[in-house]
Amino acid sequence: MRHMKKKVFAAVLALAVPSVAAAYSYTVKSPFPGTVTATTYYSSGSFHGALDISSGRCNYWGVETGVMASLSWNVTIRTSGVYCNGTGSGTQNEAKHAFANGRTFRLWHFIKTSDSYDRTCNRCQVGNEGGTGNATGPHVHVQYDQSGSNLTGWYSGYTTKGEAVDRSETIGVIE
Amino acid sequence: MPRYLQGLRALGGLTLMFASPVVTAQSTPSTAKPALRGESCSVQGLMDQLRQGLGSSSKAYRDYLQAVLREAAVSLPSGELHAAFDRETDPAMVEQLAAALVARSEREAEKDAIQAVARRALEDRDPSVRAATVRAMRRTGALEKTGDMYERLMRDGSPEVRMEAAKNLVEDNAHVYSGYHGPATDTAVNAAAVSTDPKVTATILESLDTRRMGPEAGQKLLGMLGHESADVRRSAALALGSAPAAQMGPAREALVGMYRGERDVGVRKALVQSIAELGFADAVPELRKLRSMDPAMAPEIDAWIRALESGVQEWGLLLREKQRLQQVR
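Sequences listed follow chains R and Y, in order. Going by this note's numbering, the first sequence opens with residue -6, and the numbers climb by one from there. Going by this note's numbering, the second sequence opens with residue -8, and the numbers climb by one from there.
Simulated from the structure, these hints should not be mistaken for lab results. Glycine is no exception: its CB is placed at the ideal position from the N, C-alpha and C atoms. Be aware that a few hints might be false.
Unchecked claim - Restricting the straight-line Cα-Cα distance to at most 16 Å, the calculated cross-link-like pairs of lysine to aspartate or glutamate (EDC-like) are:
hint, chain 1, residue 1, chain 2, residue 2
1, Y, Lys102, R, Asp108
2, Y, Lys211, Y, Asp177
3, Y, Lys136, R, Glu162
4, Y, Lys190, Y, Glu151
5, Y, Lys260, Y, Glu305
6, R, Lys89, R, Glu156
Stated by the list, open to error - Covered stretches of chain R (in silico footprint by chain Y; criterion: 3 or more residues with CB under 8 Å from a CB of chain Y, positions within the stretch not fixed):
hint, segment
7, 56 to 65
8, 85 to 95
9, 107 to 117
To be verified - Sample of chain Y residues with no beta-carbon within 12 Å of chain R, all distances over it, derived:
hint, residue
10, Ala26
11, Leu27
12, Glu71
13, Lys136
14, Glu207
15, Gly214
16, Met239
17, Ala245
18, Gly270
19, Glu291
20, Ala294
21, Glu300
Using the sequences and the hints, build the whole thing.
Laid out in structure tokens, this is it:
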């Protein structure tokens, strides 16, 4: 019932005010067209606490930051070159925005391109879908965390594993 | 998207269509099905809809129309949008068109589109239009992309324009940069320093997070502690409370030194708050010394000392604890 209410609220929000969020909340759209392949738990049952989205194609789609707001993005390149199936833990390319409330929104695993640099923008491209870092295939890992803990409420009720998403699809709301 | 949500969206879309004055005016008798009419997404069409909709009593509907224009901005013909913006003189419409151009810039569909908005914010003859274009740049990366625009806006002849520019600096620093971007903080401090309007200066500084402020901006803030306006002194003192580690020593010395000569109670409270913020538990001995200088400030300083001695390590929680201690009788 609680999830149902959330979904109805999300739908109404998407209808009435697609980009006008409340004072401290931001709608998050999918960074590229694909499928949600993992949410809070992996198929193995271990905790993931984030969204994995994959189109199944490497270096094909540009990865956009997804958050519907002008924000300053810090892009960290740890791996240059086209990698689709992993380069080892801790070597993922990352785009992140640290919010004043101590929470951080992150996108991982993209391939470095000429768009991979720090800047202030609204849903801009920061790289291409790929598999840098700890990955077994091309995807983007979308994470919202605070003090080392991954938050899951921001996407719960907005998307589920297996859902096909495109760039107009709301995958969560962060606040 | 799950199918039932798609259904809800469609239902809501229909509701909005019927809520639109344009559609209701053309509705057919209830027995006949409404005829579907194709409509192209043009600048003029969106402007007509917006012009009519801005008069609606429904804020949700007005917000919806504004959001539609901003989202559509990326795919609208650039030339038409610029021409419409240049022609428009109604401040409310100018604000929406300027926001659409800013959206094109922020979405990187046309990076320089924001320059036309900045130019109008500085040069339009109508102060209401200048204020509207400044508002359109709020919560964006405008301060990085418009050179010395904010310093120039501080010298604008209209108090409304100056205040709108100040609000932009406050909101951009808080929500776009979250206090983590030094150049954004420096832009705000530099604008505050050139402002001759104490209210504007105070608005910019009183809630500014200066944790990434550069040394030159830090010097300017210290200089503003000697300003003739109590509002400016109070806000500069508050801004120094979050100064970066390298500037904490000089800031603390300046605040303590100033407390001895300051007569305004509001400024003294701000000085004590910032001394507490800079030192946390280490500020307690200094606060005890200041306590004996003015008996009227003793309850305030006592509340700070008790809050700091509670061992709370987050500034937001310390502020709340101090407030609680002052309320408890």
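Checked hints:
1. Lys102/Y x Asp108/R: Holds, because 14 Å separates the two Cα atoms, which is no more than 16 Å.
2. Lys211/Y x Asp177/Y: Holds, at about 10 Å.
3. Lys136/Y x Glu162/R: 30 Å, violated
4. Lys190/Y x Glu151/Y: 11 Å, holds
5. Lys260/Y x Glu305/Y: Roughly 20 Å separates the two Cα atoms, so the pair is violated.
6. Lys89/R x Glu156/R: Distance ~24 Å between Lys89/R and Glu156/R Cα, so the pair is violated.
7. 56 to 65: Held - the segment 56 to 65 of chain R has 4 residues with a Cβ nearer than 8 Å to chain Y, which meets the minimum of three.
8. 85 to 95: holds (count 4)
9. 107 to 117: holds (count 6)
10. Ala26: Fine: 23 Å to the nearest Cβ keeps Ala26/Y off the interface.
11. Leu27: Leu27/Y is indeed farther than 12 Å from all Cβ atoms of chain R, at 19 Å.
12. Glu71: 21 Å, holds
13. Lys136: At roughly 8 Å from the nearest Cβ of chain R, Lys136/Y sits no farther out than 12 Å, so the non-interface label is violated.
14. Glu207: 21 Å, holds
15. Gly214: For Gly214/Y, whose nearest Cβ neighbour in chain R is about 27 Å away, the distance exceeds 12 Å, so it holds.
16. Met239: 20 Å, holds
17. Ala245: It holds; Ala245/Y is separated from chain R by about 26 Å at its closest Cβ, greater than 12 Å.
18. Gly270: For Gly270/Y, whose nearest Cβ neighbour in chain R is about 22 Å away, the distance exceeds 12 Å, so it holds.
19. Glu291: 27 Å, holds
20. Ala294: 25 Å, holds
21. Glu300: Consistent with the label, Glu300/Y stays out of reach of chain R, its closest Cβ about 24 Å off (over 12 Å).
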